[in-house]
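Asker: Make a model of the complete structure from these sequences and hints.
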Amino acid sequence: MTPGLQAYLTVAGVLFAIGFAGVLLRRNVLIIYMCLELMLTASTLALVAFSRFNGTMDGAIFVFFIITVAAAEVAVGLAIIVALYRRRRTIQVDELNYLKN
Amino acid sequence: MNLPVIFTIILLLPLISAAVITLFLRRSGKLAECASVGSGFLIMGLSLYVLLTWNGQTFHQSWEWLRFGNFSYSMGYLFDNQASLMLLVVSFVAGWIQLFSVGYMDEDEAQGRFFGGLSIFMFSMLGIVLADNLVMLFVFWELVGFSSYMLIAHYYKTDFANMASRKAFIVNRIGDFGFVVGIVWCYHHYGTLDLQTLANIITAHPDLLGTGAAVGIGLLIMCGFVGKSAQFPIQVWLTDAMAGPTPVSALIHAATMVAAGIYLMARVFFLLPPFTQEWIMWSGAGMTAFAGLCALGQTDIKKSLAYSTLSHLGYMATALGLGYPGLALFHMAMHACFKATLFLGAGSVIHACHHEQDIYKMGGLLRRMPITAITFAIASLSICAMPFFAGYYSKDSIISAAYLMGANHGAVFYGVYVLVFVGAVCTSLYMGRLFFVVFLGQPRSEHAEHAHESSAFMTIPLIILGFLSLTAGWVVYGWTWDNGHMIWLLPASCVQVFIGDFNLIAKQVESSSLGHPLEILDIVLGVAAIIATYFFYGRARTGDPLAAKAPGVYHLLERHGWFDDFYDWYVAKVQQPVCEMFGSFDKLFIEFGCVWGTGLATGLTGSLLKRAYVGSLHAYVYWFFAGVILFWAYAVGWL
Chain H
102 MTPGLQAYLT VAGVLFAIGF AGVLLRRNVL IIYMCLELML TASTLALVAF
152 SRFNGTMDGA IFVFFIITVA AAEVAVGLAI IVALYRRRRT IQVDELNYLK
202 N
Chain E
2 MNLPVIFTII LLLPLISAAV ITLFLRRSGK LAECASVGSG FLIMGLSLYV
52 LLTWNGQTFH QSWEWLRFGN FSYSMGYLFD NQASLMLLVV SFVAGWIQLF
102 SVGYMDEDEA QGRFFGGLSI FMFSMLGIVL ADNLVMLFVF WELVGFSSYM
152 LIAHYYKTDF ANMASRKAFI VNRIGDFGFV VGIVWCYHHY GTLDLQTLAN
202 IITAHPDLLG TGAAVGIGLL IMCGFVGKSA QFPIQVWLTD AMAGPTPVSA
252 LIHAATMVAA GIYLMARVFF LLPPFTQEWI MWSGAGMTAF AGLCALGQTD
302 IKKSLAYSTL SHLGYMATAL GLGYPGLALF HMAMHACFKA TLFLGAGSVI
352 HACHHEQDIY KMGGLLRRMP ITAITFAIAS LSICAMPFFA GYYSKDSIIS
402 AAYLMGANHG AVFYGVYVLV FVGAVCTSLY MGRLFFVVFL GQPRSEHAEH
452 AHESSAFMTI PLIILGFLSL TAGWVVYGWT WDNGHMIWLL PASCVQVFIG
502 DFNLIAKQVE SSSLGHPLEI LDIVLGVAAI IATYFFYGRA RTGDPLAAKA
552 PGVYHLLERH GWFDDFYDWY VAKVQQPVCE MFGSFDKLFI EFGCVWGTGL
602 ATGLTGSLLK RAYVGSLHAY VYWFFAGVIL FWAYAVGWL
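In order, the protein sequence lines correspond to chains H and E. Letter by letter, the first sequence follows residues 102 to 202 of this note's numbering. Letter by letter, the second sequence follows residues 2 to 640 of this note's numbering.
Simulated from the structure, these hints should not be mistaken for lab results. Just so you know, not all the hints are guaranteed correct.
To be verified - Residues on chain E that point at chain H, a partial pick, calculated with CB under 7 Å:
| hint | residue |
| --- | --- |
| 1 | G616 |
| 2 | L618 |
| 3 | V622 |
Said to hold, decoys possible - Take a look, some chain E residues computed to stay more than 10 Å from chain H by CB distance:
| hint | residue |
| --- | --- |
| 4 | L14 |
| 5 | F233 |
| 6 | F458 |
| 7 | I461 |
| 8 | Y478 |
| 9 | A541 |
| 10 | V596 |
| 11 | Y623 |
Unchecked claim - Quick list of the computed label-pair ranges, beta carbon to beta carbon:
| hint | chain 1 | residue 1 | chain 2 | residue 2 | range |
| --- | --- | --- | --- | --- | --- |
| 12 | E | F626 | H | N129 | 15 to 23 Å |
| 13 | H | S144 | E | L589 | 55 to 63 Å |
| 14 | H | D159 | E | L67 | 58 to 66 Å |
| 15 | E | H619 | H | T157 | 33 to 41 Å |
| 16 | E | W633 | H | D159 | 24 to 32 Å |
| 17 | H | A122 | E | F593 | 46 to 54 Å |
| 18 | E | V637 | H | S144 | 18 to 26 Å |
| 19 | H | I168 | E | F593 | 56 to 64 Å |
| 20 | E | L601 | H | N129 | 42 to 50 Å |
| 21 | H | N129 | E | F593 | 23 to 31 Å |
| 22 | H | I168 | E | V622 | 23 to 31 Å |
Each residue gets a CB set at the ideal place from its N, CA and C atoms; glycine is no exception.
Answerer: This is how it looks when you write it as structure tokens:
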């Protein structure tokens, strides 16, 4: 038996919730970033599922673009994190509070 | 050359002269003199050329300058009989007075500034003469106000000149405010500001003048005249304006600028409903008698002449109010001749006495300054309307016109006649007083003792204008020459504007039973008044005999009816508190409420929002999440 739309959406929802919880709870910037990516992936999965079950390819093509952009974004994001670490010697968000005051 | 080109040259010449003087010749007084006087005489020549070649047809041409929606603002020239007379007076008198200034200002340090000011005044005044619509006229109207202000303040190192210039400017603003409101209302009501179109509208629909709006417009435009010609109730600036150099008093505050108010009224005469005319008539007649009396209470020679100017502007206003704008312009022209002579004579005396203006420090100048004394005497007789002098023809016609008004249109107008008659007797009194005190008797000071006749720069204009004070009025006899282009000493085109009114009055005087006897009575009383002043003032050693005999009356005349004191009280005790009341509204509502209030509210909001800025990434995520929920709730309609 092939899984239905509901199954795909459930997986996407669970992935999104895990990602969101990670963003909320973890202290490491790298982990938070990975969780953000997880949330992005969850939405992509939902998009592909909708596309498949609608019988149109629009969503699938859209996802290609999202993945491309996400790849570029990861490159920039990781570079920022590396630069941040070099500058501050930490990537714990609790200690990155220079904007306060 | 065609007319618009010549008019443009006439108008721009003094502007160019002023610009050159201001930019290059401020330090070189002699060159500035040349530029100003040269342009003055060029204007005189060009004006005479225009007046002699003009075919008598009203010339009107305008060019669009600005357009706002439906309102198009044009500039142009309207040259008719009124403008031709005014152009002659302005260009002719101004040329000679500028020449006189060369002599008068010879020891001044700021000749460049002075002659630049005279040039800019000429530009503004010629603009008023030639303007074809009310907006253009108003622009130049303000420019003469500015140049008057600038020239009064020539001796800016004295407090008095500074205050006088500001007073002149501010008091004129009051009149001009009414004027500008009148112009706007005129446009709203009649749909145009072009003088010729307005005249056509009124001619086609005379009933338009019966409305309340027409009365309002007439009264408001009259405000401009009241301010500039120093009529009741804002006449107070003119006597203080004498703080300026004497040629300025002669040119601006006697011969031309103050007469511009009369010219304006003649120009828009068709716009004035009967009520406005009556107002002008009564205020003018009142001013004639009142200022004539006040002139007796001044020891400053120029102030006394300034009151005389007020009085004679009153005559012109009376003529306007009686319905004879032509007579008003006739008197304006004659007045320009003899009052310019009187002021220049006074200037010559003041210059010779090292800027002493108190007549009781002069005396015995007849032998020392014969040319000045004789021209002054001629102009005095002219202003007193002695027969065959220029003033006789214009002033006596106005007095007769007032009498005829009373005879034909109800006894109440005899009041006007009495007032102008009193004014005429006063003229003889104060002119006799001035002449006998200044030129006869013994010198009362060192300076008067050593005075001597002024240079040719000053005597030549005196002789020419003095000659005109004697003869200019003979134009009414209609002796023509140069194939009818000239009538006596005036170009024929300038005579048209007043000769009709003059002949009409002369004919009515012939047919009325009391006309001639009253004229003779006027002359006899005038002569008697002059003789009386000889015995009353002529032998005074020090101080004014009237001040010694009747100090109360003299004080009233000296303070000219406490007008200034009343205005001082009004400004300090009434206007100031009202201003402070409005000022406190500004402080409370605008400054504290609006300006400070906005700042405070923004600052408070900022310091509140700063609390949300905790520096923890997770907190921001919660904020973000809360925001998303809020949006979602709004989107599904829960909020």
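Asker: Hint validation: G616/E versus chain H, beta carbon distance must be below 7 Å. Holds or violated?
Answerer: holds, 3 Å
Asker: Could you check that no beta carbon of chain H comes within 10 Å of the beta carbon of L14/E?
Answerer: About 71 Å separates L14/E from the closest Cβ of chain H, which puts it past 10 Å; holds.
Asker: Just to be sure I understand the hint, the distance between the Cβ atoms of N129/H and F593/E should be within 23 to 31 Å; is that true here?
Answerer: Cβ of N129/H to Cβ of F593/E: about 53 Å, so the range 23 to 31 Å is violated.
Asker: Test the statement that F458/E is away from the interface with chain H: the closest C-beta pair must be farther apart than 10 Å.
Answerer: Given that every Cβ of chain H is farther than 10 Å from that of F458/E, nearest at about 81 Å, it holds.
Asker: For F233/E, is the shortest CB-to-CB distance to chain H above 10 Å, so the non-interface label stands?
Answerer: Correct as stated: the minimum Cβ-Cβ distance to chain H is 73 Å, above 10 Å.
Asker: Test the statement that A541/E is away from the interface with chain H: the closest C-beta pair must be farther apart than 10 Å.
Answerer: Holds, because the least Cβ-Cβ distance between A541/E and chain H comes to about 90 Å, which exceeds 10 Å.
Asker: Run the C-beta distances from Y623/E to all of chain H and say if the shortest one exceeds 10 Å.
Answerer: violated, 8 Å
Asker: Cβ-Cβ distance between L601/E and N129/H: within 42 to 50 Å?
Answerer: Cβ of L601/E to Cβ of N129/H: about 43 Å, so the range 42 to 50 Å holds.
Asker: Does the Cβ distance between W633/E and D159/H fall inside 24 to 32 Å?
Answerer: Holds, since W633/E and D159/H (Cβ atoms, about 25 Å apart) stay within the stated range.
Asker: At the C-beta level, are I168/H and V622/E separated by a distance inside 23 to 31 Å?
Answerer: Between I168/H and V622/E, where Cβ atoms are some 24 Å apart, the hint holds.
Asker: Check the following: the C-beta atoms of V637/E and S144/H are separated by a distance inside 18 to 26 Å.
Answerer: holds, 20 Å
Asker: Does the beta carbon distance between S144/H and L589/E stay inside 55 to 63 Å, or does it fall outside?
Answerer: holds, 57 Å
In terms of the numbered hints stated before, the structure departs from hints 11, 21, listed from lowest to highest.
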